[in-house]
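Listed in order, the protein sequences are those of chains A and G. For the first sequence, counting from 1, position 20 maps to 19 in numbering that gives the first Met the number 0; every step adds exactly one. For the second sequence, counting from 1, position 15 maps to 14 in numbering that gives the first Met the number 0; every step adds exactly one.
Hints listed in this document are in silico derivations from the structure and should not be mistaken for laboratory results. Since the structure is predicted, the reported quantities are computational estimates derived from the model, not experimental observations. Errors might be hidden in some of the hints.
As the list claims (entries may be wrong) - Here are the computed lysine-lysine pairs in the DSSO-like style, where the Cα-Cα straight-line distance is at most 27 Å:
no.	chain 1	residue 1	chain 2	residue 2
1	A	101	G	37
2	A	68	G	276
3	A	101	G	178
4	A	101	G	173
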Amino acid sequence: MSLLTVKNLALGYDSHTIVDNINFAVDAGDYLCVVGENGSGKTTLMKTLLGLTGPMGGEIIAGEGFNKKEIGYLPQQTLIQRDFPAAVREIVLSGCLSGMGKRCFYNASDKAIAEKNMEKMGITHLADRSYRDLSGGQQQRVLLARALCAAGRMLLMDEPVSGLDPKVTLEMYELINNLNKEGMTVVMISHDISAAVKYANKILHIGGNVFFGSVDEFLASEAGKFLSGESVDKR
Amino acid sequence: MMDKLAFYFEHKFVWYALATAVLIALCSSFLGVTLVLKRFSFIGDGLSHVAFGVMSVATVLKLSNQTMLVLPATILSAILLLRTGQNAKIKGDAAIAMISVGALAFGYMVMNVFATSANVSGDVCSTLFGSISILTLSDFDLILTIVLSSIVVIVFVLFYNRIFAVTFDEAFSKATGLKTELFNLVIAVTTAIIIVLAMNLVGSLLISALVIFPALSSMRLFRSFKSVTVCSVILGVVCSFLGVMISIMAGTPVGSTIVAVQVVVFFAFWLTGAIAKKG
Numbered sequence: 000m001s002l003l004t005v006k007n008l009a010l011g012y013d014s015h016t017i018v019d020n021i022n023f024a025v026d027a028g029d030y031l032c033v034v035g036e037n038g039s040g041k042t043t044l045m046k047t048l049l050g051l052t053g054p055m056g057g058e059i060i061a062g063e064g065f066n067k068k069e070i071g072y073l074p075q076q077t078l079i080q081r082d083f084p085a086a087v088r089e090i091v092l093s094g095c096l097s098g099m100g101k102r103c104f105y106n107a108s109d110k111a112i113a114e115k116n117m118e119k120m121g122i123t124h125l126a127d128r129s130y131r132d133l134s135g136g137q138q139q140r141v142l143l144a145r146a147l148c149a150a151g152r153m154l155l156m157d158e159p160v161s162g163l164d165p166k167v168t169l170e171m172y173e174l175i176n177n178l179n180k181e182g183m184t185v186v187m188i189s190h191d192i193s194a195a196v197k198y199a200n201k202i203l204h205i206g207g208n209v210f211f212g213s214v215d216e217f218l219a220s221e222a223g224k225f226l227s228g229e230s231v232d233k234r
Numbered sequence: 000m001m002d003k004l005a006f007y008f009e010h011k012f013v014w015y016a017l018a019t020a021v022l023i024a025l026c027s028s029f030l031g032v033t034l035v036l037k038r039f040s041f042i043g044d045g046l047s048h049v050a051f052g053v054m055s056v057a058t059v060l061k062l063s064n065q066t067m068l069v070l071p072a073t074i075l076s077a078i079l080l081l082r083t084g085q086n087a088k089i090k091g092d093a094a095i096a097m098i099s100v101g102a103l104a105f106g107y108m109v110m111n112v113f114a115t116s117a118n119v120s121g122d123v124c125s126t127l128f129g130s131i132s133i134l135t136l137s138d139f140d141l142i143l144t145i146v147l148s149s150i151v152v153i154v155f156v157l158f159y160n161r162i163f164a165v166t167f168d169e170a171f172s173k174a175t176g177l178k179t180e181l182f183n184l185v186i187a188v189t190t191a192i193i194i195v196l197a198m199n200l201v202g203s204l205l206i207s208a209l210v211i212f213p214a215l216s217s218m219r220l221f222r223s224f225k226s227v228t229v230c231s232v233i234l235g236v237v238c239s240f241l242g243v244m245i246s247i248m249a250g251t252p253v254g255s256t257i258v259a260v261q262v263v264v265f266f267a268f269w270l271t272g273a274i275a276k277k278g
């Protein structure tokens, strides 16, 4: 039994189907990259996994006692956040809310979790700085630390490196890779096929033809040959 | 000067006016931080025009207790407006603009066609800009203000952390199991309550100022959510207090005096912020 098993899932909105017949499974310790063209339904898939939008058809089954609330989500940044007056510590702490039940205020263990995750992300020295004064890479680390506070076993990331420069992008990938090696299950939406092939152990391609399998299987497949060939040539 | 103040404060209604002004400012500045950051600055404007429309209907119907009609109607529109913000064919700002001017026109028309007093333009003017001089409030008004503003403050303190999370990142909060619709509803209902309370004080055109200015001023200087919220509440209370005092001394209309004080404070904060950044 996998943490998440997706069967015959159809995605869309306003009774308009974008993509259907998606089948895949996420096992504990996996690093799954979701690739596909713009508009192929990657973000909709992620929202459906999180329960933000309902599926048009098919089902998502959680196994091994996995609860969807244990997913730590790293969304794309919104415009509102760019100039939001909030201290880094306030934002990271807000990741603990999901585990608070009916409690209204943070307790000592919530604060310890936040401190631990800030340390993990190397942002402890920024704890009292304002989010809007940070660089793009630092902001992304703050949001990742918040996601870790909410994550029990799985991280879901929506294009975590978009808008970052190459050096910071590499650091971010290494950071995520380390988390995965420590046992965190990672599901990531990505445009970056070469990074997906390098770090992930499974690839889900949606759009045109749906593909799900290991990285090697992906490279051998038609979609894989086309996409990885194309992206390697470009570099 | 002191004699004049002492003379005024011998009267109960002056105390009442001061108490309501401070309480309303307290609530609206609390809420303002969230509304400004969620890009809902104009919702106050829209709702206050709805309240104006309903109030003119209430005036024409000669209801003895207008609040009992205005409050539920405004709460209802607040819920509708925030609902449309999420998934509607007409987007948030357009919906607010539509309802806002529609209600304003409708209200003015009703007041003119079914004029109940000889001085229609005087009535309209005081509904739009608040009372000309210091307002006279009944015991009921004062008690209502105290009860409703206590509820607002308690709700905000208890749910402070969750309101922060929903304001900063609605998608993340929803994904981690927070009932974001519920919190948006709470925010909508409290906004409506505050607007109805504030109508007597500053009138329906100037309410937005009470909501947005304290938050905007504090954001010039402070950089964490907590410090912005605390500063905004203090600013709201202090400005309203000063505004009421000045309006008593100088005989100016209370609503616009409070707003004028807010504007001055905003520029002072903006200037300090700009200098601090350079220095």
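Here is how each hint holds up against the structure:
1. 101/A x 37/G: Between residue 101/A and residue 37/G the Cα gap is close to 25 Å, so the pair holds against 27 Å.
2. 68/A x 276/G: violated, 42 Å
3. 101/A x 178/G: holds, 12 Å
4. 101/A x 173/G: holds, 16 Å
The structure fails to meet hint 2 from the earlier list, while all remaining hints are met.
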